[in-house]
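Asker: Sequence:
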Amino acid sequence: MLKSIRVPDLLFACLLGISSPLCAQSISITIAPPPVPVYEQPACPVDGYLWVPGYWAYGPDGYFWVPGYWYEPPEPGFLWTPGYWVLVGGNYNWNAGYWCPHVGFYGGINYGFGYFGSGFYGGRWEGGAFHYNTAVWSVNSSVVHNTYVDRTVINNTTINNNRVSFNGPGGVNARATAQEQAVEHERHIAATEGQRGYVENARRDPNQRYSENHGHPNKAAETSVAERRQGEQHAVEHHPGEQHGAVHHPGEQHAAVHHPGEQHAAVHHQGEQHATEHHQGGQHPAEHPQGQHHPVQHPQEHHPSKPHPEKKGEEKKGKR
1 MLKSIRVPDL LFACLLGISS PLCAQSISIT IAPPPVPVYE QPACPVDGYL
51 WVPGYWAYGP DGYFWVPGYW YEPPEPGFLW TPGYWVLVGG NYNWNAGYWC
101 PHVGFYGGIN YGFGYFGSGF YGGRWEGGAF HYNTAVWSVN SSVVHNTYVD
151 RTVINNTTIN NNRVSFNGPG GVNARATAQE QAVEHERHIA ATEGQRGYVE
201 NARRDPNQRY SENHGHPNKA AETSVAERRQ GEQHAVEHHP GEQHGAVHHP
251 GEQHAAVHHP GEQHAAVHHQ GEQHATEHHQ GGQHPAEHPQ GQHHPVQHPQ
301 EHHPSKPHPE KKGEEKKGKR
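Quick note on our numbering: the sequence shown kicks off at 1 and runs consecutively.
Hint data in this document are derived by calculation from the structure and do not stem from the laboratory.
Keep in mind that this is a model prediction, so the values were computed, not measured.
All C-beta atoms in this analysis are idealised placements derived from N, C-alpha and C, irrespective of residue type, glycine included.
Any given hint might turn out to be false.
To be verified - Estimated spans, in silico, between C-beta atoms of each pair:
no.: 1; residue 1: 181; residue 2: 124; range: 19 to 29 Å
no.: 2; residue 1: 142; residue 2: 89; range: 44 to 54 Å
no.: 3; residue 1: 181; residue 2: 204; range: 29 to 39 Å
no.: 4; residue 1: 141; residue 2: 30; range: 45 to 55 Å
no.: 5; residue 1: 182; residue 2: 129; range: 21 to 31 Å
no.: 6; residue 1: 223; residue 2: 48; range: 17 to 27 Å
no.: 7; residue 1: 182; residue 2: 145; range: 27 to 37 Å
no.: 8; residue 1: 75; residue 2: 182; range: 41 to 51 Å
no.: 9; residue 1: 60; residue 2: 214; range: 32 to 42 Å
no.: 10; residue 1: 207; residue 2: 178; range: 18 to 28 Å
All chains, full assembly: derive it from the sequences and hints.
Answerer: Rendered as structure tokens:
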């Protein structure tokens, strides 16, 4: 098995989704990713854009934080499943995120903002338009009008709140359900050029590196559409002709660091009452529910500073 400390440039290329014969192999590292930091979610600036949560990626200079950002899905009806790190046999393997009609398994990691470890609560597609759940997502009411409030996840869901950013021993011990495994047979679209541009921009910024920020990145989230467009242009220059990323079809085999057809589907909680309130307009910053704290031991080589999770009832809307 290849080690990232020996081939960091190859690992980073695989994380970006750049094609390479060696990317089809499993590439892993032996250093645990830092905990997910606490940060504020900027309001959605454009109707129809979806939130892509931030995460720790790995490059030639070690771990670096890729900011969360609002992004236009490659096709109507598609949702984003975040990538995640998983510890297997002493090595941390990266499972890349992807677009799909259903949100799949993302390691049980609490990325916040509707991605609380299992399922997705940020909104839903109806009649070709996305409707935002402002109980967990923040929106700009001057441009986003299809909103509703569903606090089911806040009231009925136990949330992993320890900020651990990897799945496996010492991390989050979550496993994919049968429903999540069913998404193996759905159509997947890998991260687009613009998304890869965000990764590249973060890699080039020394302030985003864990070695510099010690777990508190200078830019935790992108705050404007202009920044998103800049990232897209950067990606276009490096990956011409790949406007929508790779399309994955059922039955394909994917390595951990490539954009895998992972076994995922949205989790549906039986017996939940979905009482919703619909709104037209009005600023609705997202609430960020917190659940029980499950302490785990982090095999962190650098011992990153952990943010303290906020107690239930004390958090503000739009805060991660």
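Asker: Each hint needs a verdict: does it hold in this structure or not?
Answerer: Going through the hints against the structure:
1. 181 with 124: 19 to 29 Å: Since residue 181 and residue 124 have Cβ atoms about 22 Å apart, the given range 19 to 29 Å holds.
2. 142 with 89: 44 to 54 Å: Since the Cβ atoms of residue 142 and residue 89 sit about 51 Å apart, the hinted range of 44 to 54 Å holds.
3. 181 with 204: 29 to 39 Å: With a Cβ separation near 37 Å, residue 181 and residue 204 satisfy 29 to 39 Å, so the hint holds.
4. 141 with 30: 45 to 55 Å: Because 47 Å falls inside the window, the suggested range holds.
5. 182 with 129: 21 to 31 Å: For residue 129 against residue 182, whose Cβ atoms are near 26 Å apart, the range 21 to 31 Å holds.
6. 223 with 48: 17 to 27 Å: Given about 18 Å between the Cβ atoms, the range holds.
7. 182 with 145: 27 to 37 Å: About 33 Å separates the Cβ atoms of residue 182 and residue 145, which means 27 to 37 Å holds.
8. 75 with 182: 41 to 51 Å: The hint (41 to 51 Å, Cβ to Cβ) is violated, given that residue 75 and residue 182 are roughly 20 Å apart.
9. 60 with 214: 32 to 42 Å: Because 19 Å falls outside the window, the suggested range is violated.
10. 207 with 178: 18 to 28 Å: Once the Cβ atoms are compared, 43 Å apart, the range 18 to 28 Å for residue 178 and residue 207 is violated.
When held up to the earlier numbered hints, the structure conflicts with 8, 9 and 10 and fits the remainder.
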